[in-house]
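There are 2 protein chains.
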Amino acid sequence: MLADVAYQGVPAAFGHEAALAVAGEAATTLACRRFEDVFRAVAEGAARLGVVPIENTLAGSVHETYDALARFQGDGVRIVGERVLRIAHALIAPRGVSLRDVRRVFSHPVALAQCEGLFRAHPEFEAVAAFNTAGAVQQIVAAGARDAAAIASVRAAHAYDGEVLLDGVEDHADNYTRFLAISLRDDGASSAPSAAPAAPAAPDEARWKTSILFTLEHRPGTLASILGSFADRGIDLVKIESRPLPGRPFEYAFYVDLLGRVGDAKMDAALLAAGPYARTLCVLGSYPAAKAPERATFV
Amino acid sequence: MLADVAYQGVPAAFGHEAALAVAGEAATTLACRRFEDVFRAVAEGAARLGVVPIENTLAGSVHETYDALARFQGDGVRIVGERVLRIAHALIAPRGVSLRDVRRVFSHPVALAQCEGLFRAHPEFEAVAAFNTAGAVQQIVAAGARDAAAIASVRAAHAYDGEVLLDGVEDHADNYTRFLAISLRDDGASSAPSAAPAAPAAPDEARWKTSILFTLEHRPGTLASILGSFADRGIDLVKIESRPLPGRPFEYAFYVDLLGRVGDAKMDAALLAAGPYARTLCVLGSYPAAKAPERATFV
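The listed protein sequences derive, respectively, from chains Y and U.
Note that my numbering has the first sequence beginning at -3, numbered continuously upward.
Note that my numbering has the second sequence beginning at -3, numbered continuously upward.
Just so you know, the hints here were simulated from the structure itself, not pulled from any lab data.
Worth double-checking, as some hints may not be accurate.
Which copy? The list can't say, so a pair holds if one copy fits it or any two copies do.
What the hints assert, rightly or not - Derived lysine to aspartate or glutamate pairs resembling EDC-like cross-links, with alpha carbons at most 20 Å apart:
1. K262 - D232
2. K287 - E247
3. K205 - D232
4. K205 - E247
5. K235 - D63
6. K205 - D228
7. K287 - D232
8. K235 - D170
9. K262 - D228
10. K205 - D264
11. K287 - D170
Starting from the given sequences, assemble the full structure and let the hints guide the process.
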């Protein structure tokens, strides 16, 4: 059966929350083990939409997602929307385990990176990578571990009957994760399914983003020239990310988010002007930009 | 006692090898637990030099190092050199453990990320984060684990009496790590201690690199303008990295590596021209660029 939306993790994970925010509370969901599996579910038609984290305001970019965007764009997977969720972490243990019993702390590496202060304050804690935040709670509770805790949302503690030992353990309250909605390219009129707000557009919602991926021609100054193609036309760049090209040591692919929409004269002219400086250039998606950071819907 | 060079990990780790390549085979070394501890050892005078990984050609940038460069530049820690090492990984187990016994695989997260193909081929493997590659071998051998293996160099297998189950498990043979040499700012004549080659400079060694860190003024086009300041003067940009600014959601610090030397007229003019577009701009170091990737010295 075709699911409405695929996400990484288990129910009550942040990805699950983002998936429901994109596809609606009544959406059918498909839980995947890895970010890559979400892309595959969309590419192979098992889910109409996918939701993947792309950056966190404390830990930074999610490299696996950037790499998967490049790998699956050839299959027609495109970005069709984005959502920003506030992330609050708690330290959660099986019932009966107290703070002084804890030696191992399980969570997704990005969540572990968001709580460096907790590990500095508790040098007896060993950080252990897990595939998912909520999944780590599920796992330690099921195993009945007496020396383990997990970093996840309070919602995950409730979902899997864990006990909250400490709340708000993230390094900074301004902790947001931006998620992308992905879908197979739809060359028809409605290119942004439920990710595009159906409600009348507020000024902020009227903004669009365009994400591009390019590699550079081997000439000095090509990156500045490409970025200049957009800056010269008043198109604002809101994010740039570089990733290594496997097999080409010290060469990079660049991911750039621009404010504007493909089909607008300014954007189309800028993409045309950028072309000669790029070895390859592709548009990963043109979609409504998220509003300013919103509170998580059901924390 | 003052050590010649601090590195992260344990003896026989890649960091140890890079430390000896920078400071000489006879150097006294200080092993640190985290990258941040290497910076602290240099800042507090416990070691004259530090060596830290900054990027890998498969896994990408080492974010902790970028963040520490920003944090410790205020203490006068500067980049004084760089080295590139080829990285080859093996799957290593305690003696008597066979490939089909392995369930948990320990290594540094960057090493785990370099071996994604191994985990795809062995879905029964669970990746577990460790603080160090060679340290993971030391740990599983000491514990006598019967279901565990570690990803590290063949050299680490020899150092800690582990058995090589599989060799060359990295995703791609073009696997290099670039290390930075750091030291306290030396405003005297010799700003690049042993990291600067004493031998007559070959054409490649004659090249210098300058690393800068900046944040942007809040105006569209400022990133393109800063990069243009260098491109317009024929100064080549070889790497750009962005990192989130904690407490300022969706704003970034930019790290840029340029070919050229502070004190040269072109570079100084470009830095001056870039100034008005930056909210903050600082030079993290100006140092001799590494030669093309070199084979590890004692693999």
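K287 and D232: within-copy, between-copy, both or neither at 20 Å Cα: Cα proximity of K287 and D232: one copy only (16 Å, versus 37 Å across).
Copy assignment of K235 with D170, given that the CA separation must stay at most 20 Å: within (18 Å within a copy, 28 Å between copies)
Homomeric proximity label, K205 with D228: Cα distance no greater than 20 Å: within (17 Å within a copy, 29 Å between copies)
Copy assignment of K235 with D63, given that the CA separation must stay at most 20 Å: Both, since 16 Å and 18 Å are each at most 20 Å.
Alpha-carbon proximity between K262 and D228, which holds within one copy, between copies, both or neither at 20 Å: within (10 Å within a copy, 24 Å between copies)
K205 and D232: within-copy, between-copy, both or neither at 20 Å Cα: Close inside one copy (10 Å), not across copies (29 Å); limit 20 Å.
20 Å Cα threshold - placement of D232 relative to K262: within (12 Å within a copy, 28 Å between copies)
Intra- versus inter-subunit Cα pairing at 20 Å for K287 with D170: Classified as within: same-chain Cα gap 16 Å, cross-chain 42 Å, threshold 20 Å.
Intra/inter-copy verdict for K205 and E247 if alpha-carbon distance must be at most 20 Å: Between copies only: 16 Å across chains, 26 Å inside a chain, cut-off 20 Å.
Intra/inter-copy verdict for K205 and D264 if alpha-carbon distance must be at most 20 Å: within (13 Å within a copy, 36 Å between copies)
K287 and E247: within-copy, between-copy, both or neither at 20 Å Cα: between (34 Å within a copy, 15 Å between copies)
Violated hints for the displayed structure: none, as all numbered hints are satisfied.
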